[in-house]
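Protein chains: 2
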Amino acid sequence: MQKLERIIGYKFKNKKLLKMALTHPSFSHNESYEKLEFLGDLILDAIVGIYLFKKYKDKDEGFLTDLKSAYVNKNYLKEIADKINLKSFARYKGENIKRTDKFLEALIGAIYLDGGFKKAERFIKKFILSKELEPLKDYKNLILNYARKFKGTEPVYEIVKVYGPSHKRKYEVKVKIKGIRNVGRGKGNSLKEAEILAAKLLYEKISKS
Amino acid sequence: MQKLERIIGYKFKNKKLLKMALTHPSFSHNESYEKLEFLGDLILDAIVGIYLFKKYKDKDEGFLTDLKSAYVNKNYLKEIADKINLKSFARYKGENIKRTDKFLEALIGAIYLDGGFKKAERFIKKFILSKELEPLKDYKNLILNYARKFKGTEPVYEIVKVYGPSHKRKYEVKVKIKGIRNVGRGKGNSLKEAEILAAKLLYEKISKS
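As you go down the protein sequences, you meet chains A and B in turn. According to my numbering, the first sequence is numbered sequentially starting from -2. According to my numbering, the second sequence is numbered sequentially starting from -2.
Calculated from the structure, these hints are not laboratory results. Check each hint, because a few of them may be wrong.
If chains are identical, the list can't say which one is meant, so a pair holds when it fits in one copy or spans any two.
Straight-line distance between alpha carbons at most 20 Å, and here's what the computed EDC-like set of lysine to aspartate or glutamate pairs gives [as the list claims (entries may be wrong)]: (1) K51 <-> E31; (2) K175 <-> E155; (3) K189 <-> E151; (4) K134 <-> E31; (5) K115 <-> D42.
Chain A extracted, bound-state conformation:
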């Protein structure tokens, strides 16, 4: 625990909070990180949003929304959680802990409860905002809005194929909009990931045509 405190640059007054942030529900449901994650997620969103709002005075809210997504999306947060190696400090049962981003969000919630807004802000600036990222477009939302606006309908996602062993399942999906000939296809490690890629492809095709 002291080692982790050194790494993150914050010393907890209440060590129980740190312990709870690093407890996966598989280990203990009652003492798990889930409520801290709820809190950390909100704190992270607000601090990143405020920071970007103040930094990019000339940009519009679309840019701010997409850039915020880049900083708070689970893949980026996982990258950071894994760099700090949060999992090695965590308590869990079984090996299948993929969502290490949840430890990170819970850690932010714990720092906020223990030290207040400023300490959480310092942690977020140091570990999350320190890297320059590109805005992350929400492609599923973009094609949803397009379909509603121009076709009075909604995109339909269809599973084309599910393959690979059960612990390494892969998904292929197809997305269509009624009245549009173009189709988007995507593959990924989760349905959501495959859908986002399919939506991206369809969005790019629509934008070009």
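Using the hints provided, position chain B relative to the given structure of chain A.
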């Protein structure tokens, strides 16, 4: 403006912020509330979430998430915006301003920028958190998770009927999950509203069976 400041119980140092919060993009795109709304939305989420987290110590994160939704969802915020009559202080072109909740979110962003976190918190406690609400379940998400977990697929929403005059369009939708006989149907003033009702119905049918 002074009248509104009296109503909301906050006096702006920088009146431009208040003016901007009340400017619809139809009036002026550059001076509109959109960026303040981006900010206010995050501040509102964080303050409501922190408040509920501290108030309901014995509840789990599912309860907190649903109760937060009740306080930050657009229908409830519209209700409050309309009670303060924000639209009557706003600048806009045309008559078709329905999303008065956006003025309210922008106002929260403006109070935060002008007076800081504590002032925004005071406003939110007074106007938004003062009413007791029931948790609001996210039915679309509930049936999405159900379909993914138990059927390895996703719900499909289909438009059954679009009717009524163009300024008062009504929608009827149907939602199905492959492998499930039950169907959910819903009607509403927007596709989203109809979908939520359809999802609710299907969820209730599934829960009973």
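Tested hints:
1. K51 <-> E31: Close across copies (15 Å), not inside one copy (30 Å); limit 20 Å.
2. K175 <-> E155: Both. Shortest intra-copy (13 Å) and inter-copy (11 Å) distances satisfy the 20 Å Cα cut-off.
3. K189 <-> E151: Classified as both; 17 Å inside a copy, 10 Å across copies.
4. K134 <-> E31: between (28 Å within a copy, 18 Å between copies)
5. K115 <-> D42: both (14 Å within a copy, 18 Å between copies)
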